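> Residue strings, one per chain:
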Amino acid sequence: MDNKTLEKLMLSVQKPGRYSGGEINSVYKNKDEVDVRFAFCFPDTYEIGMSHLGMKILYSLFNSRNDIWCERVFAPWVDFEKVLRDNNIPLFALESRDPIKNFDIIGFTLQYELSYTNVVNMLSLAGVPIKSADRKTLAPLVVAGGPCACNPEPLADFVDLFFLGDGEEVDLELIDLYKKYGKNGDKQAFLREAAKIPGVYVPSLYNVNYNQDGTLNAITPISDNPEKITKRVINNLDAAHYPEKFVVPYIEIVHDRAVQEIFRGCIRGCRFCQAGYIYRPVREKSVDVINKQAKTLCENTGYDEMSLSSLSTSDYSNLEQLLNSLLSWSDDKKVSLSLPSLRIDNFSKELIERINFIRKSGLTFAPEAGTQRLRDVINKNVTEEEIIRTCKMAFAGGYTSVKLYFMLGLPTETDEDLKGIADLAQKIVDEFYKTENRPKGKSVNVSVSVSTFVPKPFTPFQFEPQITKDEIERRQQILKDSIKTKKVSLSWHDSRVSFLEGVFARGDRRLGDVIERAVQLGCKFDGWDECFNLDLWLQAFKDCGVDPAFYANRQREFTELLPWEHLDYGITKEFLIEQDKLAHNQTTTPNCREKCSNCGATCFKGGVCYEKR
Amino acid sequence: MKNVRVFYRKKSLLKFVSHLDMNRFMVRMLRQTNIPLWYTEGFNSHAYINFALPLSLGFESDYEVMDLKLTDDNYSTLTVTKELKGVMPKFLEIIKTEEPVFKTGSIAFAKFEINFEDNGKLYNSLKEFLGSNNISVLKKNKKGIEKEFSISDKINGFELTNNGNTVLKIILAAGSTNNVNPALLLTAFAQHVKCELPFYSVNRTMLYTENMEEFK
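These protein sequence lines are chains W and G, in that order. Throughout the first sequence, residue numbering follows this note's numbering, covering 1 to 613 in sequence. Throughout the second sequence, residue numbering follows this note's numbering, covering 1001 to 1216 in sequence.
No wet-lab data here; the hints were simulated from the structure. Remember, predicted model here, so these are calculated numbers, not experimental data. Treat the hints with caution; some may be incorrect.
The calculated EDC-like cross-link candidates involving lysine to aspartate or glutamate, where the alpha carbons are at most 20 Å apart (straight line), are [what the hints assert, rightly or not]:
#1 W/Lys31 to W/Asp176
#2 G/Lys1082 to W/Glu299
#3 W/Lys4 to G/Asp1118
Given only the sequences and the hints, what does the whole structure look like? Please build it.
Encoded structure:
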């Protein structure tokens, strides 16, 4: 396929800039001068994938080596997929436009379960056999990493090996091993050797047996590969690679700004939050390193906005000093700082005024649950007083809208908790009218956004059932009925999508057939309303004889062997059991800085576990 | 404050970059340079840039025009060119920077070169079509009502050649009030000959004032 013909075809679809490549700071190399060609695939659209920090870090890291050329690949939107299929064009990488089936390694990042069909569909578009067992040669080796690799079992049939934990070191170790074997190396021998690299999980080297009732009986290594695979952790983030430049897209992407990582992990331990557990322990970058990296990044990209990235900005141990040092140059350079998930109530007024925390997104809170009782169950330490106090400040400052995020279907949730959501929203409305210097002549809007709780592996709620579709709808109705004013607007996520997410989050290898069947039936972009089709999915489950409720809606015994128990993320099962019990007793757990709760993450010998308290 | 006008080519891959995206992209490129950009003084301060005439998605151009304001009156146009050349991607070639002569509103015509991949088949019918003096097309106005839109009176000369493929060089009315997009002209042509057009590429080669002076 020559470039001219390809570009003609691009002009026939929406947003051709998604496929054109050639952006500022994108990396071009001579393919004859590199040893390893790596296709970094993000199984969603360009706009989503290009916003992802992990991809930027690894793209820059891989390309910093002369012997590797890493290129980007995104899932083509349905219109361009049709063009590719109609014209027999195999999926290509953006930079070279070479088919990725000729690459050495095809790597996927797994950010959410609903992208699994896209992973398989991209392999199919690439013209590569979708199943690991059907790819006899070493190249292209199909690898995957990212948060969903903590339970990769549903993708075990398709992916040759998974990376667990931080990718910066282990990915390069794997590439070096690949170089040793070369394109024509013995794949089986390579996989056996790769499985000995810490953090590399080769699913085909583990046998899985099931009990009569469908639960797991055993997961056993088939040769001398380790029984448990431990995730990799970068302890010194200051010394870790960070991009000096980002690829700056031509078309507008979701997060179109410079992003500076400030720490990994989270001290909080909200019991529903997978990220809060699988990224433990908390490891911070120092103020000086952040400041220097952020400045370089802005200079090299021309971005006029920079956001700080972490799971909870307010928990950075030296935030005031960090902000002051960033503000010392950002004003001059006309760069505005934006700080997501920031608690503002303990900041000075001057500082708040200088930060762009409110302009873009407005005032947002995530209480997650409607009553203090349920917030204690989930260990979410946002109190009503804090929310009201901050709203009061904002209203006095001229703001008239507040956004609140909640989850529906949390363990132990009662109808009272749902009514609590409406009550909290009402109190904020009342607070607006109590504020004396509120904006005159304006009304207040409190928007309540409700998603459905999905139990995730490596959280205390990994044992809990997800509530059924009928129950979700009943609870949504209760919530709807308890909101009495037009000043509160209510919206929710599609419960059918959450159900599918629930199935795959805690799925096992038997779901591989279902994914394959769903892709055959045309499922793709399941996270997109315009593409999601539950009927096709139910068809796929039926065709494969798999009951999705077994995965989503079933209470697991503490003694049950879970599909991810051969993967070691530091967190012990005993800790998760204890936390689940505490949840049912409405007992909270202090954060990592207040007191160590012995989750197990000290085994990584770094981060907050070894800070002075 | 000093006004400067940058002339550049927008080629190849950059035809996939829409006008709106181009705006954002240019600001980022400018911010990577040392050019002393003037920022607007409103609540939402941003770097001031202005494009003389938007270019449709899918078109290339050999004569694009962007106006800037500089805070330093002594900053030379040569340095602007040099700074921009240092950051621009391959397919955005800076031609020159000058102090503006005309106001952007004075643009009245644009010249396009259209290459058809037709093996010369369209040459005769296109020649006949462009020779008639009653070309018009139904066009929806902003209210969604279709109205007859006359094109003949907005063509200011053309040149048709056949070098194996048909090549049309044509000058069309351009600007904020009286603009004809070549795609519209070709839609009218396709309706006239009642067939689908082969692939064609469009390159905008020059902008002119009312008196057919090159826009500077």
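> Please go over all the hints and tell whether each is borne out by the structure.
For each hint, the structure was consulted:
1. W/Lys31 to W/Asp176: Roughly 18 Å separates the two Cα atoms, so the pair holds.
2. G/Lys1082 to W/Glu299: holds, 18 Å
3. W/Lys4 to G/Asp1118: holds, 16 Å
Hint compliance for this structure: no hint is broken.
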